[in-house]
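Dock chain C against chain V, hints included.
2 protein chains.
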Amino acid sequence: MKLNQDGLLVVISGPSGVGKGTVRQALFDMKGHNLVYSVSMTTRQPRAGEVDGVDYYFVTEEEFKKRIEENRFLEYANFVGNYYGTPRDKVEEQLALGNEVVLEIEVQGALQVKERKPDAVFIFIAPPSMTDLEHRLVTRGTESYEIIKERLEKARREIGLAPEYDYIVINDDVHNAADRIMAIIRAEHARTKRCLDNYYALMEE
Amino acid sequence: MKLNQDGLLVVISGPSGVGKGTVRQALFDMKGHNLVYSVSMTTRQPRAGEVDGVDYYFVTEEEFKKRIEENRFLEYANFVGNYYGTPRDKVEEQLALGNEVVLEIEVQGALQVKERKPDAVFIFIAPPSMTDLEHRLVTRGTESYEIIKERLEKARREIGLAPEYDYIVINDDVHNAADRIMAIIRAEHARTKRCLDNYYALMEE
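The listed protein sequences correspond, in order, to chains V and C. To convert, note that position 110 of the first sequence is 110 in this note's numbering; the numbers rise steadily by one, no gaps. To convert, note that position 35 of the second sequence is 35 in this note's numbering; the numbers rise steadily by one, no gaps.
This is chain V alone, in the form it adopts within the complex:
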């Protein structure tokens, strides 16, 4: 019996290049879960084949800024001229249905979510070593020395933010990492602070 019936907001984050997306995919490929993925909202133009409400919610910049004013994002950021954000209402809807909502986001976004939803579960995906991460960042594309250098410095800053998270999961093997995240989700449902009200209700029945 699961004492805490509400879904959990699970934030999967970590430095660029650590393989957050692959871990998240392995997690969703596991059997018997009730995880849902939060669809982001953006002001960028849809690409060929992208579907509104599936790949992204596509909105105008005016609409996006209005939503920022109304505090309707759990986190948002502007990348190269386009806004991207996590709509709060969609997340709340899914949580109330008992689904675990997974956000796979950059560390700056995760820190914003922590301010707005401190009871979410914050999981930091870490590389097996700094050398491993550097290798991934350097061999990722054919960018200039300057861009690679900037990327490495950013990764080092991001590595330093792990203490802000509840859990640190090493991505040495993507399936191990996904297994561990699933164990964290199961365990968090049993945490006293999350299920004490339901426990009292059950004992009074």
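One thing to keep in mind: the hints can contain errors.
Since the list gives no way to pick one copy over another, a pair counts as held whenever it fits inside one copy or between any two copies.
To be verified - Okay, derived cross-link-like pairs now, EDC-like style, lysine to aspartate or glutamate, Cα gap no bigger than 16 Å in a straight line:
| no. | residue 1 | residue 2 |
| --- | --- | --- |
| 1 | K31 | E50 |
| 2 | K66 | E115 |
| 3 | K193 | D166 |
| 4 | K31 | E62 |
| 5 | K154 | E93 |
| 6 | K2 | D172 |
| 7 | K2 | D179 |
| 8 | K149 | E134 |
| 9 | K90 | D6 |
| 10 | K149 | D119 |
| 11 | K193 | D173 |
| 12 | K66 | E150 |
| 13 | K117 | D166 |
| 14 | K193 | E164 |
| 15 | K117 | E164 |
Simulated from the structure, these hints should not be mistaken for laboratory data.
Chain C only, in chain V's frame:
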């Protein structure tokens, strides 16, 4: 990769009659774990077939009291004239070897452990309902009305101590309960507070 390499001290407790022993047994019957059970020390006489160091460590009352003075128990109690306790040194030895040490103890003992080892993982095993627990306590033996009444009152007090624990696990099904405890153990190894030092060491390699 498991960032926290030390074993965890896992305290499994809950009201009398809830089935702690059965849950603990189901946990140890699971595959691929490195759980060890802490052998208690007692002043009572060995029964036929009981082996010193396996079933209990059998010591004299004088020896036991000396160890109390020396603060060498994580918890102890006196039941009907005999002392029972958890020897601290044996637990520490196993933890240093990377084994998870499971204590299955009464709630009063668990509260003593919490004072001495606040970083242990405290799991409260709860019944699916108060009625269920009462039923188990009443049908347990052929005791007098007075003894049963006392037992029920004790159970109600013990049920109220759940907020002292980190996790609440309902024993509606013994295998579900054991699975959840295993998930808790896996998750706790990834908790930032337990693995931050190792994380920093790994990133500096």
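Against the structure, the hints come out as follows:
1. Taking CA atoms no more than 16 Å apart as the test, K31 paired with E50 passes in neither setting, with 27 Å inside one copy and 45 Å between copies.
2. With identical chains, the CA atoms of K66 and E115 are never at most 16 Å apart, being 20 Å at best within one copy and 52 Å at best between copies.
3. In this homomeric assembly, K193 and D166 come within 16 Å of each other (Cα to Cα) both inside a single copy, at 14 Å, and across copies, at 8 Å.
4. Proximity of K31 and E62 under a CA criterion of 16 Å is satisfied in neither setting, with 41 Å inside one chain copy and 57 Å between copies.
5. Taking identical chains as interchangeable, the C-alpha atoms of K154 and E93 are never at most 16 Å apart, the minima being 34 Å within one chain and 42 Å between chains.
6. When the C-alpha separation of K2 and D172 is checked against a cutoff of 16 Å, the pair qualifies only between copies, where the shortest distance is 10 Å, while the shortest distance within a copy is 30 Å.
7. For a Cα distance limit of 16 Å, the shortest separation of K2 from D179 across copies, 12 Å, qualifies, whereas the shortest one inside one copy, 19 Å, does not.
8. Taking CA atoms no more than 16 Å apart as the test, K149 paired with E134 passes inside one copy only; the shortest distance there is 10 Å, against 67 Å between copies.
9. Taking the closest pair of Cα atoms, K90 and D6 come within 16 Å of each other only inside a single copy of the chain (15 Å); across copies the shortest separation is 40 Å, beyond that limit.
10. Taking the shortest alpha-carbon separations for K149 and D119, neither the intra-copy value of 36 Å nor the inter-copy value of 41 Å comes in at or below 16 Å.
11. When the C-alpha separation of K193 and D173 is checked against a cutoff of 16 Å, the pair qualifies neither within a copy, at 31 Å, nor between copies, at 22 Å.
12. Neither within a single protomer nor between protomers do K66 and E150 lie at most 16 Å apart by alpha-carbon distance, with minima of 33 Å and 63 Å respectively.
13. For the identical chains of this complex, K117 and D166 are intra-copy neighbours only, at 13 Å inside a copy versus 21 Å across copies, given an alpha-carbon limit of 16 Å.
14. For a Cα distance limit of 16 Å, the shortest separation of K193 from E164 across copies, 10 Å, qualifies, whereas the shortest one inside one copy, 19 Å, does not.
15. With identical chains, the CA atoms of K117 and E164 are at most 16 Å apart within one copy only, with a shortest distance of 14 Å there and 24 Å across copies.
Against the hints set out earlier in the document, violations occur for numbers 1, 2, 4, 5, 10, 11 and 12.
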